[in-house]
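S.K.: Chains as they are written, first to last, in my numbering: chain A, 1 to 117; chain B, 1 to 112.
Treat the hints with caution; some may be incorrect.
[As the list claims (entries may be wrong)] BS3-like mimics (lysine-lysine), calculated; alpha carbons at most 30 Å apart, straight line: (1) K36(A) - K18(A); (2) K41(A) - K68(B); (3) K68(B) - K18(A); (4) K68(B) - K99(B); (5) K19(A) - K41(A); (6) K61(B) - K19(A); (7) K68(B) - K19(A); (8) K99(B) - K61(B); (9) K49(B) - K68(B); (10) K41(A) - K99(B); (11) K40(A) - K19(A); (12) K49(B) - K22(A); (13) K49(B) - K99(B); (14) K40(A) - K49(B); (15) K22(A) - K41(A); (16) K68(B) - K22(A); (17) K49(B) - K36(A); (18) K22(A) - K36(A); (19) K36(A) - K99(B); (20) K61(B) - K49(B); (21) K36(A) - K19(A); (22) K22(A) - K40(A); (23) K40(A) - K18(A); (24) K41(A) - K49(B); (25) K36(A) - K61(B); (26) K19(A) - K99(B); (27) K18(A) - K41(A); (28) K61(B) - K40(A).
[Said to hold, decoys possible] Below, a sample of chain A positions facing chain B; criterion: calculated Cβ distance under 10 Å: (29) L43; (30) E56; (31) Q106.
No lab work stands behind these hints: they were computed from the structure.
This structure is a prediction, so every number in the text was calculated from the model and none was measured.
The beta carbon of each residue, even a glycine, is placed where N, CA and C say it ideally should be.
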Amino acid sequence: ETGVTQTPRHLVMGMTNKKSLKCEQHLGHNAMYWYKQSAKKPLELMFVYSLEERVENNSVPSRFSPECPNSSHLFLHLHTLQPEDSALYLCASSQEFSASGGGDTQYFGPGTRLTVL
Amino acid sequence: AQSVTQPDIHITVSEGASLELRCNYSYGATPYLFWYVQSPGQGLQLLLKYFSGDTLVQGIKGFEAEFKRSQSSFNLRKPSVHWSDAAEYFCAVGGNDYKLSFGAGTTVTVRA
Numbered sequence: 001e002t003g004v005t006q007t008p009r010h011l012v013m014g015m016t017n018k019k020s021l022k023c024e025q026h027l028g029h030n031a032m033y034w035y036k037q038s039a040k041k042p043l044e045l046m047f048v049y050s051l052e053e054r055v056e057n058n059s060v061p062s063r064f065s066p067e068c069p070n071s072s073h074l075f076l077h078l079h080t081l082q083p084e085d086s087a088l089y090l091c092a093s094s095q096e097f098s099a100s101g102g103g104d105t106q107y108f109g110p111g112t113r114l115t116v117l
Numbered sequence: 001a002q003s004v005t006q007p008d009i010h011i012t013v014s015e016g017a018s019l020e021l022r023c024n025y026s027y028g029a030t031p032y033l034f035w036y037v038q039s040p041g042q043g044l045q046l047l048l049k050y051f052s053g054d055t056l057v058q059g060i061k062g063f064e065a066e067f068k069r070s071q072s073s074f075n076l077r078k079p080s081v082h083w084s085d086a087a088e089y090f091c092a093v094g095g096n097d098y099k100l101s102f103g104a105g106t107t108v109t110v111r112a
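Generate coordinates for the entire structure from the input sequences, incorporating the hints supplied.
M.R.: This is the structure we're talking about:
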C-alpha cells in the first residue's frame, strides 16, 4: 500500500449503531487530519493530530471520537449519529505539523462515504 | 483567518479547448496556495502549490496556476483539456497556522 488508505470505503449505519473509520498513512508523516466533505460545501476540518497528540478539535460534536494510537494510524469512532452526518469523510497527512505556517502539503486518502439512516 | 472563493460552481469545456478555473482568496499576508483535484469516488490529489518565488507555478497533468497578489487570485489553467480532466477542483489557502481553508469546488465537465 502506498499513500493514505481509508477503510471502509462505504458505510451505511443506523442512528443507534457504533462504527469506526480507519485511516493509515504509508508516507512517514507526523501529522494526520480528519475532514468532513458535504456536497457543494468547503471541506470542514474536524480533528488534527501531531505525533499522536490532538491539536485541534474544531467544535465537533462528541458523537465523533478520534483516536491516534501511533503516527501511522488514525481512527474516527462514530456513535448515535444523525442523518445530517452523512458525508464523505476524508483523512489526510502531512510531513510535519506546522503550527506557524500553513505551507505543509496535505495528502489525502480516498475517503469513506458514510450514510446515516 | 483566511478564506477562499471559487466563483464558478460548474464549467463545461470541449475536449482540446483551454480551461481556466478561478480562485480568489482573502488573507492579509502572503498566503500558501494549493490546487487539488478530486475524481469521482476518490480523495483529493495535489495538482500544484505556491509558497513563494516565481508566481507562475507548474503542476502535474499539464496544469499551471498564476499567483496575482494585486488581484488576490490564484487561477488554474490548462491549454488543452482531455476527457480525463473531468473532475472537481478545489483551491485552498494556508496562512500563519496549520489550517487550510478550502473553496467549495468547481465541477468540470468535458464534452467530446
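S.K.: Under the criterion that the straight-line Cα-Cα distance not exceed 30 Å, is the pair K40(A), K49(B) satisfied?
M.R.: 23 Å, holds
S.K.: Checking hints one by one. Is E56(A) an interface residue toward chain B, by the C-beta closer than 10 Å rule?
M.R.: Holds - the Cβ of E56(A) comes within 10 Å of chain B, reaching about 8 Å at its closest.
S.K.: Can the restraint linking K49(B) and K68(B) be considered satisfied, given a maximum Cα separation of 30 Å?
M.R.: 14 Å, holds
S.K.: Would the hint linking K49(B) and K99(B) be met if the CA-CA limit is 30 Å?
M.R.: 15 Å, holds
S.K.: Holds or violated: are the alpha carbons of K68(B) and K19(A) at most 30 Å from each other?
M.R.: 45 Å, violated
S.K.: Checking one constraint from the list: CA of K99(B) to CA of K61(B), max 30 Å. Satisfied?
M.R.: Roughly 26 Å between the alpha carbons, so the hint for K99(B) and K61(B) holds.
S.K.: Given the hinted pair K40(A) and K18(A), is their Cα-Cα distance within 30 Å?
M.R.: 27 Å, holds
S.K.: Given the proposed pairing of K49(B) with K36(A), does the C-alpha separation stay at or below 30 Å?
M.R.: 22 Å, holds
S.K.: Take the C-alpha atoms of K19(A) and K99(B), compute the straight-line distance between them, and say whether it is at most 30 Å.
M.R.: At roughly 27 Å apart (the allowed maximum being 30 Å), K99(B) and K19(A) satisfy the hint.
S.K.: Next pair to validate is K41(A) with K99(B); report whether the Cα-Cα distance is within 30 Å.
M.R.: 17 Å, holds
S.K.: Given the hint that K36(A) pairs with K19(A), test it: the Cα-Cα distance must not exceed 30 Å.
M.R.: 16 Å, holds
S.K.: Can you confirm whether the C-alpha distance between K49(B) and K22(A) stays at or below 30 Å?
M.R.: 28 Å, holds
The earlier numbered hints that this structure contradicts are 3, 6, 7, 16.
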